[in-house]
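Participant: Each chain, written out:
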Amino acid sequence: MAPLTKALDSGEGLGSYQQILVRVQHLLQAKWKTVLVVLPFFWLLLFFLAPFFIILKISVAEPLIASPPFSPLFEWTKDGAMTIRIIFDNYAYLWEDELYANTYISSLKISVISTLLCLLIGYPMAYAIVRASPTAKNILLLMVILPFWTSFLLRVYAWMGLLADQGLINDLLIWLGFIDSPVRLMYSHFAVYVGIVYTYVPFMILPLYANMEKLDLTLHEAAADLGAKPATTFLTVTLPMTWPGIAAGSLLVFIPATGEFIIPDLLGGGNVSMIGRVLFNEFHANHDWPVASAVAIALLILLVVPMMLYQRVQAKETEGS
Amino acid sequence: MQKKKSTFLLTVLCFGMAFLYIPMLMLIVYSFNYSKIVPVWGGFSTRWYTTLFESEEVWDALLLSINIAVVNATFATLLGTLAGLALVRFGRFRGRTLFGGMITAPLVMPEVITGLSLLMLFITMKEFIGWPDKRGFTTITIAHITFSMAYVAIIIQSRLTGMGQDYEEAALDLGAKPLRVLSDITFPLLAPGMVSGWLLAFTLSLDDLVIASFVTGPGANTLPMLIYSRVRLGLRPDINALATIIIVTVAVGVVIAGWLMFRQQKQKDREIQMAAAANK
Numbered sequence: 001m002a003p004l005t006k007a008l009d010s011g012e013g014l015g016s017y018q019q020i021l022v023r024v025q026h027l028l029q030a031k032w033k034t035v036l037v038v039l040p041f042f043w044l045l046l047f048f049l050a051p052f053f054i055i056l057k058i059s060v061a062e063p064l065i066a067s068p069p070f071s072p073l074f075e076w077t078k079d080g081a082m083t084i085r086i087i088f089d090n091y092a093y094l095w096e097d098e099l100y101a102n103t104y105i106s107s108l109k110i111s112v113i114s115t116l117l118c119l120l121i122g123y124p125m126a127y128a129i130v131r132a133s134p135t136a137k138n139i140l141l142l143m144v145i146l147p148f149w150t151s152f153l154l155r156v157y158a159w160m161g162l163l164a165d166q167g168l169i170n171d172l173l174i175w176l177g178f179i180d181s182p183v184r185l186m187y188s189h190f191a192v193y194v195g196i197v198y199t200y201v202p203f204m205i206l207p208l209y210a211n212m213e214k215l216d217l218t219l220h221e222a223a224a225d226l227g228a229k230p231a232t233t234f235l236t237v238t239l240p241m242t243w244p245g246i247a248a249g250s251l252l253v254f255i256p257a258t259g260e261f262i263i264p265d266l267l268g269g270g271n272v273s274m275i276g277r278v279l280f281n282e283f284h285a286n287h288d289w290p291v292a293s294a295v296a297i298a299l300l301i302l303l304v305v306p307m308m309l310y311q312r313v314q315a316k317e318t319e320g321s
Numbered sequence: 001m002q003k004k005k006s007t008f009l010l011t012v013l014c015f016g017m018a019f020l021y022i023p024m025l026m027l028i029v030y031s032f033n034y035s036k037i038v039p040v041w042g043g044f045s046t047r048w049y050t051t052l053f054e055s056e057e058v059w060d061a062l063l064l065s066i067n068i069a070v071v072n073a074t075f076a077t078l079l080g081t082l083a084g085l086a087l088v089r090f091g092r093f094r095g096r097t098l099f100g101g102m103i104t105a106p107l108v109m110p111e112v113i114t115g116l117s118l119l120m121l122f123i124t125m126k127e128f129i130g131w132p133d134k135r136g137f138t139t140i141t142i143a144h145i146t147f148s149m150a151y152v153a154i155i156i157q158s159r160l161t162g163m164g165q166d167y168e169e170a171a172l173d174l175g176a177k178p179l180r181v182l183s184d185i186t187f188p189l190l191a192p193g194m195v196s197g198w199l200l201a202f203t204l205s206l207d208d209l210v211i212a213s214f215v216t217g218p219g220a221n222t223l224p225m226l227i228y229s230r231v232r233l234g235l236r237p238d239i240n241a242l243a244t245i246i247i248v249t250v251a252v253g254v255v256i257a258g259w260l261m262f263r264q265q266k267q268k269d270r271e272i273q274m275a276a277a278a279n280k
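Chains as they are written, first to last, in our numbering: chain X, 1 to 321; chain G, 1 to 280.
There may be inaccurate statements among the hints.
Below, in silico cross-link-like pairs of lysine to aspartate or glutamate (EDC-like), each with a Cα-Cα straight-line distance of 20 Å or less [to be verified]:
hint, chain 1, residue 1, chain 2, residue 2
1, G, K134, G, D60
2, G, K268, G, E127
3, X, K57, X, D89
4, X, K31, G, E168
5, X, K137, X, E213
6, G, K36, X, D171
7, G, K36, X, D165
8, G, K177, G, D166
9, X, K33, G, D184
10, X, K33, G, E168
11, X, K137, G, D269
12, X, K57, G, E127
13, X, K57, X, D288
14, X, K137, X, D216
15, X, K109, X, E98
16, X, K316, X, D165
17, G, K36, G, E54
18, X, K31, G, D184
19, X, K316, X, D216
20, X, K214, X, D288
21, X, K33, G, E169
22, X, K229, X, D216
By construction, these hints were calculated from the structure, which means they are not laboratory data.
Construct the complete structure from the given sequences, taking the supplied hints into account.
Facilitator: As structure tokens, this is what we get:
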């Protein structure tokens, strides 16, 4: 204690303390960019990238009745050497079992059709919003964004009520005289399509809107003035110009819809097989972690190309603006 | 010709908005239904609200969800802002491509994959370093920060590209140190983006079911997990009441935010007009 007080009294210690402070400041001035990037970078490396290598590892392990329920990848033999065990049984199992192959195909089919339906509804809506007056535009945009801020789960739940046997849609159809007794709408492919289109259509409208807003709308007036029919104008002028918006919106719907869990679980029940639901059940009900990991890796491989495409579209959009 | 076109667009808008809003309206209407069977009308009643408020389970889940959402939003805004800054303002640095990829990937990554892989990470970490010894609040929050920061980074990126570099360059020309420019010019200009990022991260966290279901532990039930466990067995009038409260709260919030933004824009337009008039 005494030397410290002495040093403080003489001012020497304070000097070196200040020196350290100055040096820290210099370091911060020179390296502040690195200091700022390191935090988010390492966060993502640890919590986003590393987990994929871990499930990759578990997907080539052997299921065991233990905790954790899989064999370790690295094992040390008695003489200290390390052995690595890689077992492709889980993938072989996915490949051989028709159930999984069919589920992947069915998921892809459902998300492709849903994406097209979203495009069919979202494209004219985005176009109509772009053409609206500035005040109406703000209100309409707010209306498209609003459902996005409410609960996804509750919006799916809303359709459970509408599609129920005694629900509004059946009541309406009976009242209109189309049917005599309620038809089964819940727990069907139809219900899943409605659910996906309903929850994902804002993801289609917003990128399309962002893209269309930047367009020069006088161009297709020019085309019309020059005698092009509306269909020709649309195909040769509007469609090519809105291509980046279509690509971004479609990928934003297609990729998450393929792995969707809540919608097939609540609206599809046991009648609609989608991979997200199989993965969830494989993990929670069967506790087969290696197979669940293999299912996840296979899904990731399936989506890697669309994901990279999205990355490119996104990068182009940011560069363009 | 022009008129025919606008009627078509108007019809599209009406049907589109009806499609988006009728289901939510019906959810609200049936929350005031006396009948226990949701789609069968049995007269007006607020009894499901009473049932909801009396449920301790619901309050516990709400409290946990809000706690997670607040901590998540704060950290996600911090990390997401840094990430956005790095990608737009720092030029090229080592690992930039990887960094950019890791920032956009969580936006489209299926939730089941994120959830499963994070759980496996937590289990592996526990095996090696003994942490996290209990799954629940901490693990859910970490998982949420990881995907929320991506959304914040996107908002910050677009705000940074939108606002240009004029003010920052002016400050640098006047002799301000780069760090000073960051704290006195860039951050204040970014504040509105950071606020919307915070709010988005907050709602994303409050909304997440799938990822939280994977990384949670015994006893930690978030609000979406509670709702899910109830509705997967069928329609529940008390969930309609809960949905109504959530939808109305969000709608009021969004409308107020929209109105404030609209007013600000108008004010700005007026100032620009006045400045233009004064210059004449």
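Participant: All hints, please: hold or fail.
Facilitator: Verification of the hints:
Note on K134 (chain G) and D60 (chain G): the hinted pairing holds, with a Cα-Cα distance of about 18 Å set against a maximum of 20 Å. Distance restraint check for K268 (chain G) and E127 (chain G): the Cα-Cα separation of roughly 57 Å exceeds the 20 Å cut-off, and the hinted pair is therefore not satisfied. This hinted pair checks out: K57 (chain X) and D89 (chain X) have alpha carbons roughly 13 Å apart, not beyond 20 Å. Under the criterion of a C-alpha separation no larger than 20 Å, the hint pairing K31 (chain X) with E168 (chain G) is consistent with the structure, at around 19 Å.
Between the alpha carbons of K137 (chain X) and E213 (chain X) the distance comes to roughly 11 Å, so the proposed pair stays at or under 20 Å and holds. At most 20 Å may separate the alpha-carbon atoms for a hinted pair to count; K36 (chain G) and D171 (chain X) meet this at roughly 18 Å. The straight-line distance between the Cα atoms of K36 (chain G) and D165 (chain X) is roughly 15 Å, inside the 20 Å bound, and the hint therefore holds. For the hint pairing K177 (chain G) with D166 (chain G), the CA-to-CA distance comes to about 16 Å; that is within 20 Å, so the pair holds.
Proposed proximity of K33 (chain X) and D184 (chain G) is supported: the alpha carbons are some 16 Å apart, at most 20 Å. The hinted pair formed by K33 (chain X) and E168 (chain G) meets the criterion: a straight-line CA distance of about 16 Å does not exceed 20 Å. Distance restraint check for K137 (chain X) and D269 (chain G): the Cα-Cα separation of roughly 17 Å lies within the 20 Å cut-off, and the hinted pair is therefore satisfied. For the proposed pair K57 (chain X) and E127 (chain G), the alpha carbon gap of about 15 Å is at most 20 Å, so the pair holds.
As the CA atoms of K57 (chain X) and D288 (chain X) are separated by approximately 14 Å, the hinted pair is consistent with the 20 Å bound. Among the hinted pairs, K137 (chain X) with D216 (chain X) is consistent with the structure: their alpha-carbon atoms are about 17 Å apart, no more than 20 Å. At roughly 16 Å between alpha-carbon atoms, K109 (chain X) and E98 (chain X) fall within 20 Å of each other, so this suggested pair holds. Between K316 (chain X) and D165 (chain X) the alpha-carbon distance is near 47 Å, which puts this suggested pair outside the 20 Å criterion.
With a C-alpha separation of about 17 Å, the suggested pairing of K36 (chain G) with E54 (chain G) holds against the 20 Å cut-off. At roughly 19 Å between alpha-carbon atoms, K31 (chain X) and D184 (chain G) fall within 20 Å of each other, so this suggested pair holds. At roughly 19 Å between alpha-carbon atoms, K316 (chain X) and D216 (chain X) fall within 20 Å of each other, so this suggested pair holds. The straight-line distance between the Cα atoms of K214 (chain X) and D288 (chain X) is roughly 50 Å, outside the 20 Å bound, and the hint therefore fails.
As the CA atoms of K33 (chain X) and E169 (chain G) are separated by approximately 17 Å, the hinted pair is consistent with the 20 Å bound. At most 20 Å may separate the alpha-carbon atoms for a hinted pair to count; K229 (chain X) and D216 (chain X) meet this at roughly 19 Å.
Against the hints set out earlier in the document, violations occur for numbers 2, 16, 20.
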